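Work out the full structure: start from the sequences and follow the hints.
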Amino acid sequence: MIGRQHLADSSVNQAFTASTGQSLTGLAVGGGYIYWTSNNQDTSEVGRTPVIGGQQYQSITSVFGEPNPHTCGVAVDGKYVYWANRATNSIGRAELANFATAGQVVEGDWLPLPDPPLSGIVSSPCGVAVDENFVYWGINSVDNNGTLERGTTIGRAKKSDGSGAGNGFLGGGNTVTGLTIDGEFLYWSNAADGLPGHGSIGRGNVSGTGFQEQFVSGLNVPFGVAVDSGGPPAPPPVINQPGATSYVPPLIVSCGDCGSGGPGPPPKRPDFSRVWTNHAVFVPAQWSTPLVVGTSSHRAGARASSAAAGAPPVGTTFNFILNRAAQVKVAIKHKGGKTVATLVRTGHKGKNELPFSGRIKGKALDVGAYNAVFSARSGKKRSKPQVLAFRVAGG
1 MIGRQHLADS SVNQAFTAST GQSLTGLAVG GGYIYWTSNN QDTSEVGRTP
51 VIGGQQYQSI TSVFGEPNPH TCGVAVDGKY VYWANRATNS IGRAELANFA
101 TAGQVVEGDW LPLPDPPLSG IVSSPCGVAV DENFVYWGIN SVDNNGTLER
151 GTTIGRAKKS DGSGAGNGFL GGGNTVTGLT IDGEFLYWSN AADGLPGHGS
201 IGRGNVSGTG FQEQFVSGLN VPFGVAVDSG GPPAPPPVIN QPGATSYVPP
251 LIVSCGDCGS GGPGPPPKRP DFSRVWTNHA VFVPAQWSTP LVVGTSSHRA
301 GARASSAAAG APPVGTTFNF ILNRAAQVKV AIKHKGGKTV ATLVRTGHKG
351 KNELPFSGRI KGKALDVGAY NAVFSARSGK KRSKPQVLAF RVAGG
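Read in the numbering used here, the sequence shown has 90 at position 90, and its numbers run on one by one without any break.
What the hints contain is simulated information worked out from the structure, not anything from laboratory work.
Treat the hints loosely; a few may be bogus.
What the hints assert, rightly or not - Pairs of lysine-lysine, DSBU-like flavour, derived with a Cα cap of 30 Å: (1) LYS361 with LYS79; (2) LYS384 with LYS349; (3) LYS349 with LYS380; (4) LYS351 with LYS380; (5) LYS159 with LYS79; (6) LYS363 with LYS335; (7) LYS361 with LYS333; (8) LYS268 with LYS361; (9) LYS381 with LYS268; (10) LYS329 with LYS349; (11) LYS351 with LYS79; (12) LYS363 with LYS329; (13) LYS361 with LYS349; (14) LYS384 with LYS338; (15) LYS351 with LYS363; (16) LYS384 with LYS351; (17) LYS79 with LYS349.
To be verified - Derived Cβ-Cβ restraints for the label pairs, each shown as a range: (18) PHE185 with GLY218: 18 to 24 Å; (19) VAL106 with GLY208: 26 to 32 Å; (20) LYS158 with PHE185: 44 to 50 Å; (21) SER23 with GLY183: 29 to 35 Å; (22) THR101 with ASN40: 20 to 26 Å.
If you're wondering where the values come from, they're calculated on a predicted model, not measured in any experiment.
Built from N, CA and C at the ideal position, the CB exists for glycine as well.
Listed below in structure tokens is the structure:
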């Protein structure tokens with residue numbers, strides 16, 4: 001079972017959504033879903049449920065047939081869900097398209113690669129995180145000739161093909177139990193062999209330098225870690241989606257030093273270093289994309305399963321990289337120039353994702369060519385607009 005606490009008023013729902021797993025070992029949020037890993041006596045599970053709550057869930061369990069399975073952490077990007085499996089010393093992944101159906105592509109042992117030189121590169125992983133280029137995992141322990149050694153490292157590999165994999169990417173872990181990433185930093189929880197008061201939160205650069213094992217110290221056996229960008233909690237935005245009544249954003253962000261006044265130099269103008277879309281040609285999904293306004297980092301609601309093989313995928317994800325936190329407006333325009341929809345959200349410094357169903361307020365965009373015009377504002381500072389072209393195909 002998964003609980004939820006509202007950041008604005010501290011209200012708690014202990015049964016926000018259901019899970020078939022007996023022991024949850026990881027949580028991640030992306031693309032309108034909560035993803036989890038769980039273990040019980042006979043099997044492990046990777047599952048998901050909509051962020052709007054309820055009892056509906058989907059799960060994949062067929063890849064966990066080994067005795068005493070032990071998934072330990074989950075992460076998600078625009079295409080895959082990843083998990084760590086201590087029982088098989090591996091990182092698994094599954095495509096988000098056709099989730100929990102016979103058409104879904106599942107790779108239970110995606111890492112290590114089968115080549116002999118790469119065997120043994122994943123050792124007792126616990127915690128997994130992804131960014132634009134890499135997948136990272138925490139090392140809970142290393143088997144050195146039958147002796148479990150703690151205080152090991154963070155490993156990583158390229159997402160594109162699993163190459164460059166290794167356990168020794170970043171040192172400083174101590175019985176790693178959780179891992180997350182926020183722009184330029186990796187954070188991990190150290191359980192310190194379960195000794196009360198000896199646990200900590202570690203931090204290191206994604207470049208592989210500057211690790212701090214005791215970034216936060218004196219903790220009692222932490223088994224997970226998450227980060228936001230500071231600032232006060234934001235009110236939940238409205239979701240124009242059937243059956244939705246409320247929404248608590250998975251990530252709260254703030255403009256920080258946006259605006260004028262206060263100590264320090266004037267804030268920089270927000271600018272995009274890159275905008276792109278996962279699929280330049282797609283068909284509309286079954287759900288509407290909410291009109292997002294406010295200070296929440298929001299990911300759109302559920303999307304339909306992928307279309308038949310060879311057809312354009314269902315929905316897409318707008319991606320953009322900001323040099324600072326700012327309010328971002330995405331104007332959807334016909335190639336002829338008419339604006340048909342506008343999405344407004346608060347973006348944080350670094351990479352941002354905005355899944356787009358191709359529907360606004362229940363109405364699908366007409367087939368044809370469009371531009372998504374990105375602009376950002378921070379106080380009185382405005383960015384230069386960035387234009388992204390895409391096309392809506394027939395279903």
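Discussion item. Holds or violated: LYS384 and LYS349, Cα atoms, limit 30 Å.
Written reply: Judged against 30 Å, a Cα distance of about 16 Å means the pair holds.
Item to complete: Take a quick look at whether LYS351 and LYS363 sit within 30 Å of each other, Cα to Cα.
Response: With Cα atoms ~29 Å apart, LYS351 and LYS363 stay inside 30 Å; holds.
Fill in: 30 Å Cα cutoff - pair LYS384, LYS351
holds (18 Å)
Worksheet item: Does the structure keep LYS361 and LYS349 at a Cα separation of 30 Å or less?
Response: holds (29 Å)
Worksheet entry | Distance restraint between LYS351 and LYS380, which requires alpha-carbon spacing of 30 Å or less | With a Cα-Cα distance of about 22 Å, the restraint between LYS351 and LYS380 holds, given a limit of 30 Å.
Worksheet item: Are the Cα atoms of LYS363 and LYS329 separated by 30 Å or less?
Response: Roughly 20 Å separates the two Cα atoms, so the pair holds.
Discussion item. Please verify whether LYS268 and LYS361 have alpha carbons no more than 30 Å apart.
Written reply: violated (35 Å)
Worksheet item: Is the distance from the Cβ of THR101 to the Cβ of ASN40 consistent with 20 to 26 Å?
Response: holds (23 Å)
Worksheet item: Hey, LYS363 versus LYS335, does the alpha-carbon distance stay inside 30 Å?
Response: Since the Cα atoms of LYS363 and LYS335 sit roughly 19 Å apart, the hinted pair holds (cutoff 30 Å).
Worksheet entry | Hinted pair LYS159 and LYS79, Cα distance within 30 Å | holds (11 Å)
Discussion item. Hinted pair, alpha-carbon criterion (30 Å max): LYS351, LYS79. Please report holds or violated.
Written reply: holds (15 Å)
Discussion item. Next pair to validate is LYS384 with LYS338; report whether the Cα-Cα distance is within 30 Å.
Written reply: holds (20 Å)
When held up to the earlier numbered hints, the structure conflicts with 8, 20 and fits the remainder.
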